[in-house]
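Student: Protein chains in written order, with our numbering: chain B, 1 to 277; chain H, 1001 to 1277.
Wrong hints could be hidden among the right ones.
Derived lysine-lysine pairs resembling DSBU-like cross-links, with alpha carbons at most 30 Å apart [what the hints assert, rightly or not]:
{"hint": "1", "chain 1": "H", "residue 1": "K1065", "chain 2": "B", "residue 2": "K65"}
{"hint": "2", "chain 1": "B", "residue 1": "K65", "chain 2": "H", "residue 2": "K1181"}
{"hint": "3", "chain 1": "B", "residue 1": "K244", "chain 2": "B", "residue 2": "K207"}
{"hint": "4", "chain 1": "B", "residue 1": "K60", "chain 2": "B", "residue 2": "K18"}
{"hint": "5", "chain 1": "H", "residue 1": "K1060", "chain 2": "H", "residue 2": "K1239"}
{"hint": "6", "chain 1": "B", "residue 1": "K18", "chain 2": "B", "residue 2": "K65"}
{"hint": "7", "chain 1": "H", "residue 1": "K1060", "chain 2": "B", "residue 2": "K60"}
{"hint": "8", "chain 1": "B", "residue 1": "K60", "chain 2": "H", "residue 2": "K1065"}
{"hint": "9", "chain 1": "H", "residue 1": "K1276", "chain 2": "H", "residue 2": "K1244"}
{"hint": "10", "chain 1": "H", "residue 1": "K1181", "chain 2": "H", "residue 2": "K1207"}
{"hint": "11", "chain 1": "H", "residue 1": "K1276", "chain 2": "B", "residue 2": "K65"}
{"hint": "12", "chain 1": "B", "residue 1": "K276", "chain 2": "B", "residue 2": "K207"}
{"hint": "13", "chain 1": "H", "residue 1": "K1060", "chain 2": "H", "residue 2": "K1207"}
{"hint": "14", "chain 1": "B", "residue 1": "K60", "chain 2": "B", "residue 2": "K181"}
{"hint": "15", "chain 1": "H", "residue 1": "K1060", "chain 2": "H", "residue 2": "K1018"}
{"hint": "16", "chain 1": "H", "residue 1": "K1244", "chain 2": "B", "residue 2": "K276"}
{"hint": "17", "chain 1": "H", "residue 1": "K1239", "chain 2": "H", "residue 2": "K1207"}
{"hint": "18", "chain 1": "H", "residue 1": "K1239", "chain 2": "H", "residue 2": "K1276"}
{"hint": "19", "chain 1": "H", "residue 1": "K1060", "chain 2": "B", "residue 2": "K18"}
{"hint": "20", "chain 1": "B", "residue 1": "K18", "chain 2": "B", "residue 2": "K239"}
{"hint": "21", "chain 1": "B", "residue 1": "K60", "chain 2": "H", "residue 2": "K1018"}
Worth flagging that the hints you see were computed from the coordinates, not collected in a lab.
There are 2 protein chains.
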Amino acid sequence: MDITAQHRLFGGTLSFVKHDSAATQTPMALSVFVPEGEGPFPVLIWLSGLTCTANNFTEKAGAYKRAAELGLMIVAPDTSPRGEGVANDEAYDLGQGAGFYVNATQSPWAAHFQMETYVTHDLLELIAAEFPADMSRVGLSGHSMGGHGALTLAMNYPHLFKSVSAFAPIASPVHCPWGQKAMTAYLGPSHEAWERSDAALRLARGKALPFDEILVDQGLADPFLETQLMPHLLEQAAKVAGQKLTLRRHEGYDHSYYFIASFIDDHLDFHTRRLKA
Amino acid sequence: MDITAQHRLFGGTLSFVKHDSAATQTPMALSVFVPEGEGPFPVLIWLSGLTCTANNFTEKAGAYKRAAELGLMIVAPDTSPRGEGVANDEAYDLGQGAGFYVNATQSPWAAHFQMETYVTHDLLELIAAEFPADMSRVGLSGHSMGGHGALTLAMNYPHLFKSVSAFAPIASPVHCPWGQKAMTAYLGPSHEAWERSDAALRLARGKALPFDEILVDQGLADPFLETQLMPHLLEQAAKVAGQKLTLRRHEGYDHSYYFIASFIDDHLDFHTRRLKA
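If we strip away everything but chain B, and leave its shape as in the complex, we get (with noise of 0.2 Å):
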């Protein structure tokens, strides 16, 4: 692990760091912040979207005050391997940037883009391994593309992660533009291969998942909200698989960082009563 930049703030340690990800074979970079004090600490990892690095969460959404007052760790990854010799495409929404945590399977995609074992193997020991972490408690959020990761990830890997929470989610991969490419490119044409990393599909299988709750935001001035992000469909899936969903709609909130810091607190505390319980 190299620290590539590290600062103080509110007490606690934030870190940016790079290490060797055996999933993309490529180095990963992700920052960490660690509260004040001696943990081991709960962690949250979020997830972001589409075009983001670590760096985007890390400097825009506000959120290591309040992970300091609950003495959270909060880790978030890049979206995606990248370097010369990974593969992309010039669109925004495909390679890199756009990772899609799925672990790919077509050519040119599947050499590097593991994402799905990067996040819930490689990057949980990192942590383990180089961080006071408590890793019986780890929660999952994320936003639109991290939204998906966070929702599927909790989804498939529920000994891994006690709580789970997004913003502006893409709900359903399978009905979206954005999906229906990134899926295909990924994981082929058969939608078969898609279930499992479509958290509406997922949800509505009805295997019973151990989330007492999964924490929803919405901003209704979101442009993407009716033709990729469609949380209704999550809605309509928790209700046939008897899971509770709050989905908080939000009027006037767009789909930047100033609605994620809107509302980020609210989800800290979130994870902190269900990892603290």
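Position chain H against the provided structure of chain B, taking the given hints into account.
Tutor: Below, chain H alone, put in the same frame as chain B:
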């Protein structure tokens, strides 16, 4: 005035604005946060440091949650005129992004680099005309070059500003390389012309200021502390002048926005107490 982008956050509204300045003879960019409600609201003007635009504070300081709670407007202007017809320098500490909040008298800078008049006249005029601001309750703060700007403009225009604070200000341009370079370029070689734009010298002159207290925060891991910022000169000057100065030195904090974010709420509280008094 052009509103180039607008976001809802914390119940209020953040606007990115462009307007034509008579002082700089260019369009000038800024951000304006207006809290929820009717107003008129007290106003804090934030002056940013070298290399910054209106966006750095706006995206990274995490100031709007408390501002919303306090009912405080925050205005963050750009650090200089910009554009193709505007003089510039390859260095980060001169020209565009480095206006130093003075009115340049020297060629080629004098044509557009009139930041003192911009902040104390054009910017205030815009805010009074276009936003629900109470112009009898305006405070001034800033970081690094912007801390220098906040201190010197408040000292030279005490009728315009009711409160002043700074983060890691350049306390005495006369005594540091950044200041010597910029002041020579903008104001010419005579130190006499610099004095009123040097916070420590201006304060040591002993002319009584109306500020009951000036708040300054400084990180002790700031790489510019010894060579450029020199807050002890401000401390000495305050003693000479009989001006109460609260200079807080913070172990481990650096020059970044993570340092600012860690203590910005204290400054918003400090200003609000004085602006609402």
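Student: Could you run down the list of hints and mark each one as holding or not?
Tutor: The hints, checked one at a time:
| no. | hint | in the structure |
| --- | --- | --- |
| 1 | K1065(H) x K65(B) | 11 Å, holds |
| 2 | K65(B) x K1181(H) | 37 Å, violated |
| 3 | K244(B) x K207(B) | 14 Å, holds |
| 4 | K60(B) x K18(B) | 20 Å, holds |
| 5 | K1060(H) x K1239(H) | 34 Å, violated |
| 6 | K18(B) x K65(B) | 24 Å, holds |
| 7 | K1060(H) x K60(B) | 5 Å, holds |
| 8 | K60(B) x K1065(H) | 13 Å, holds |
| 9 | K1276(H) x K1244(H) | 20 Å, holds |
| 10 | K1181(H) x K1207(H) | 27 Å, holds |
| 11 | K1276(H) x K65(B) | 25 Å, holds |
| 12 | K276(B) x K207(B) | 25 Å, holds |
| 13 | K1060(H) x K1207(H) | 36 Å, violated |
| 14 | K60(B) x K181(B) | 28 Å, holds |
| 15 | K1060(H) x K1018(H) | 20 Å, holds |
| 16 | K1244(H) x K276(B) | 45 Å, violated |
| 17 | K1239(H) x K1207(H) | 13 Å, holds |
| 18 | K1239(H) x K1276(H) | 27 Å, holds |
| 19 | K1060(H) x K18(B) | 22 Å, holds |
| 20 | K18(B) x K239(B) | 41 Å, violated |
| 21 | K60(B) x K1018(H) | 22 Å, holds |
Hints 2, 5, 13, 16 and 20 from the earlier list are contradicted by this structure; the remaining hints agree with it.
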